[in-house]
Amino acid sequence: MMKQALIGEFMHEAENTRKLLSMIPDSALEYRPQPHLWSVGQLASHIAEVYNWYEPTFDLDDFDMGSYKYDKGDISKAANILARFEENVSRAKTVIENSDESKYMNNWTMSAGGNALMPAMPKIQVIRGFLYNHLYHHRGELISHLRATGNKVPSLYGPNYEESQAF
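Taking the numbering used here, the leading residue of the sequence shown gets 1, the next gets one more, and so forth.
Rather than coming from a laboratory, the hints here were simulated on the basis of the structure. Virtual Cβ for every residue (Gly too), placed ideally from N, Cα, C. Any given hint could be a false lead.
[As the list claims (entries may be wrong)] In silico PhoX-like cross-links for lysine-lysine, where the CA-CA straight-line distance does not exceed 20 angstroms:
id, residue 1, residue 2
1, Lys93, Lys3
2, Lys103, Lys3
3, Lys123, Lys3
[Stated by the list, open to error] Now the in silico label distances, taken between C-beta atoms and shown as ranges:
id, residue 1, residue 2, range
4, Thr94, Lys152, 30 to 36 angstroms
5, Trp38, Met2, 28 to 34 angstroms
6, Ser27, Gly140, 17 to 23 angstroms
7, Asn151, Lys103, 39 to 45 angstroms
Produce the entire structure from the sequences given, and follow the hints as far as they go.
The following block contains the structure:
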């Protein structure tokens, strides 16, 4: 039952992420609201990359970030980021579908070089927090970045600003 709930939310939210990433114009990719914050392109790339973490989260009990190779790819065009998202989301969906629900309560850790980066916690908690909620947080940031550049954003949970003004 938990797996079906995770798949349902995953599919719904992947579509929301797709809608958002599809609305990024190339002209906004370099924008960053402050020098220390990620640019639109970096943030969108990170969102696409989160889907690449499903396999080590679902299939392993320890995710060694020390050996993980973050490859944001070519972020010079929004279409490249969207293509990376599509590849990663497809693999992530397969990982969930093939996951063993009996292992969702196994303790999971994130480490680097033998040092714990996240405390041990049940895998289902990591799936909900580290994968799902983490992604939603960054989508909210990306929406703020796009709004700051004067770009439109999709409605995700009801009407967006423009749609609400038409009522």
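Hints not upheld, ascending by number = none
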